[in-house]
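Protein sequence lines, in the order shown, are assigned to chains D, H and F.
Note that the working numbering gives residue 109 to position 109 of the first sequence, counting from 1, and the numbers run on in steps of one.
One gets the working numbering by counting positions in the second sequence from 1 and adding 139 to each.
One gets the working numbering by counting positions in the third sequence from 1 and adding 278 to each.
In case anyone wonders, no lab produced these hints; they're calculated from the structure.
Beta carbons are placed, not taken as given, at the ideal position from N, Cα and C, and that holds for glycine.
Be a bit skeptical, because a hint or two may be false.
Said to hold, decoys possible - The list that follows gives simulated cross-link-like pairs (lysine-lysine, DSS-like), each with its CA atoms no further than 27 angstroms apart:
| no. | chain 1 | residue 1 | chain 2 | residue 2 |
| --- | --- | --- | --- | --- |
| 1 | D | Lys108 | H | Lys270 |
| 2 | F | Lys304 | D | Lys6 |
| 3 | D | Lys6 | F | Lys351 |
| 4 | D | Lys73 | F | Lys351 |
What the hints assert, rightly or not - To give an idea of the interface, some chain F residues facing chain D are shown, with a C-beta separation under 8 angstroms as derived from the structure:
| no. | residue |
| --- | --- |
| 5 | Glu289 |
| 6 | His293 |
| 7 | Asp298 |
| 8 | Leu308 |
| 9 | Leu341 |
| 10 | Asn356 |
| 11 | Asp358 |
| 12 | Leu390 |
Stated by the list, open to error - If you want the footprint, here are the derived chain D segments under chain F, 3+ residues with CB under 8 angstroms:
| no. | stretch |
| --- | --- |
| 13 | 24-30 |
| 14 | 104-116 |
Letter by letter, the chains look like this.
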Amino acid sequence: MPVITKNFTIETQGHSQILDITKQVKSQILNISISSGIAVVFIPGSTAGITSIEYESGVMQDLAAAIERLAPKSIHYNHDARWGDGNGYAHVRAALIGASFTIPLQDKQLLLGTWQQIVLIDFDNRPRTRKVILQLIGE
Amino acid sequence: MPVITKNFTIETQGHSQILDITKQVKSQILNISISSGIAVVFIPGSTAGITSIEYESGVMQDLAAAIERLAPKSIHYNHDARWGDGNGYAHVRAALIGASFTIPLQDKQLLLGTWQQIVLIDFDNRPRTRKVILQLIGE
Amino acid sequence: MPVITKNFTIETQGHSQILDITKQVKSQILNISISSGIAVVFIPGSTAGITSIEYESGVMQDLAAAIERLAPKSIHYNHDARWGDGNGYAHVRAALIGASFTIPLQDKQLLLGTWQQIVLIDFDNRPRTRKVILQLIGE
C-alpha cells in the first residue's frame, strides 16, 4: 500500500479569505496508484486553516462574521505588542480552525457531501502564496 | 494492509442535537480484518460535525450554549437572505466544528479515554437521516 | 506497511495551559520503520485538545483569551451543577478544539511549517499527567 505526497500552491489575498480548493485536491488524485484510503489536506504554517463548508457567497460572509466574533481584529493582541506583526488574530483563528482535514477516499472519489467543499482560510494580514500538502495513503 | 469503508445511518432531530455514536462506530469494527490502524469518522454534508466529549446531559447543554454563543440562531445570516433555507447558522457551526475525526485503533480497540465519546452534532434546522462514514486503514 | 503506536506522558498544570509537544512527537519518530505516511496525535480524555500554533508567549496569551471568550469560566455550567466537578468549561473547550490532529510525514520529517508547533491544551481545572498517543501509519 503506497503513500503518496502531493502538493499544490495557491495565491491568496489573506485577510481571512476563504478559498474553495476542492478542484485542486481532486486534480491531484486523478492519476495516482491509490484508489481507496484517505486524503489528508494539510496547510503548513500557523496563520491558515482547513475545513469544509458549502461554498456559497452568503455562507462565506456568515463564516467570516463568526470568525471575527471569535477573534476580533480590533482587540489587543500580545503577539502584536511583542512582534509588531499585526497578525495576532490570524494565529489565534488558525489554531481554532485547525491545519488538517482528513477525507475518506473510495474508488478514486472523495466521500464529500454534494454541497460540501474543502476550503483553505488564509487568516494572515497580507496576500500569501500558500503550499497545500495532500498526503494520500491507501491501496 | 487493507482499507475498509463502512457506514451507518442515524436519525437525528437536527437543531444542534448531539448524538453519541460511539456504539455504532465500535460495532463496525468488531468483525473486520484490521486490528490496528486508524478509524476516520466522517460526516458528508455541510450542516453537521463530529467531535468527542464526555457524553453527559449537563455537558451537552453546556456545549449547546457555547455553540449558540459562537453562531447564534437569532442574528442575520446572508445565506438565509440568499437562499431562504433558514439554516445559515448550521453551515457556520458545522465549518467551525469540522466534519472529520480520526481515532487510533489498536488490537481492535479505539484508544478513546474512559469518559470520551464520539459525537455527531446535527446543526440543521430539521430532522435528518445522516449517513456516517467510517474509513479504516491498518493491518 | 506497518502501523506503530507510540505514546508519551507529560505533566501539565491544567487551567488551559498550552504545552508545545513538538519535540516529544518528533523524538518518537526518530527510530521507527516508517519514513513516510501520517502521524495522528491523539489525546484520550475529554478535557484536553490538540492543535498547532506558533508557540510564542504572546500568541499563547491571545489564544487563552479567545478560549476564555468562547467558554468563559465564570458562567453557569450544567455539568458543574450536576457533578460538582467545577470543570464544565473544560469539557466544552475540549470538544470545540478537538482531540485529534493528523500530520503528514515524509522522509522522517513532519511536514509542519517553520513556525508551526504541535500543542496540547489541558483545559482541566487541576494539574494532570497526560498520556498522548501517536499513531503512525506508512511505509
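> Does Leu341(F) meet its interface restraint, that is, does its C-beta lie within less than 8 angstroms of any C-beta in chain D?
Replying inline: Cβ of Leu341(F) sits 5 angstroms from chain D, so the hint holds.
>> Restraint: Asp298(F) near chain D, CB-CB cut 8 angstroms. Satisfied or not?
In response: Where the cut-off is 8 angstroms and the nearest Cβ of chain D is about 12 angstroms from Asp298(F), the hint is violated.
>> What's the verdict on Lys73(D) and Lys351(F), does the C-alpha distance respect the 27 angstroms limit or exceed it?
In response: Distance ~23 angstroms between Lys73(D) and Lys351(F) Cα, so the pair holds.
> Does the nearest C-beta of chain D fall within a distance shorter than 8 angstroms of the C-beta of Glu289(F)?
Replying inline: Not OK, violated: Glu289(F) not within 8 angstroms of chain D, min 22 angstroms.
>> Hint Asp358(F) vs chain D: min CB-CB distance below 8 angstroms?
In response: violated, 24 angstroms
>> Given Asn356(F) as an interface hint, is its Cβ closer than 8 angstroms to any Cβ of chain D?
In response: violated, 23 angstroms
> Quick one, are Lys304(F) and Lys6(D) close enough, alpha carbons at most 27 angstroms?
Replying inline: holds, 22 angstroms
> For the stretch 24-30 of chain D, does the count of residues with a C-beta closer than 8 angstroms to a C-beta of chain F reach 3?
Replying inline: violated (count 0)
> Straight-line Cα separation of Lys6(D) and Lys351(F) no greater than 27 angstroms?
Replying inline: violated, 43 angstroms
> Against chain D, with CB atoms and a cut of 8 angstroms, does the hint on Leu308(F) hold up?
Replying inline: Interface hint status for Leu308(F): violated (19 angstroms vs cutoff 8 angstroms).
>> For a C-alpha distance cap of 27 angstroms, please report whether Lys108(D) and Lys270(H) respect it.
In response: holds, 20 angstroms
> With a cut-off of 8 angstroms, does the beta carbon of Leu390(F) approach a beta carbon of chain D closely enough for the hint to hold?
Replying inline: Holds - the Cβ of Leu390(F) comes within 8 angstroms of chain D, reaching about 6 angstroms at its closest.
Of the numbered hints listed earlier, those contradicted by the structure are 3, 5, 6, 7, 8, 10, 11, 13, 14.
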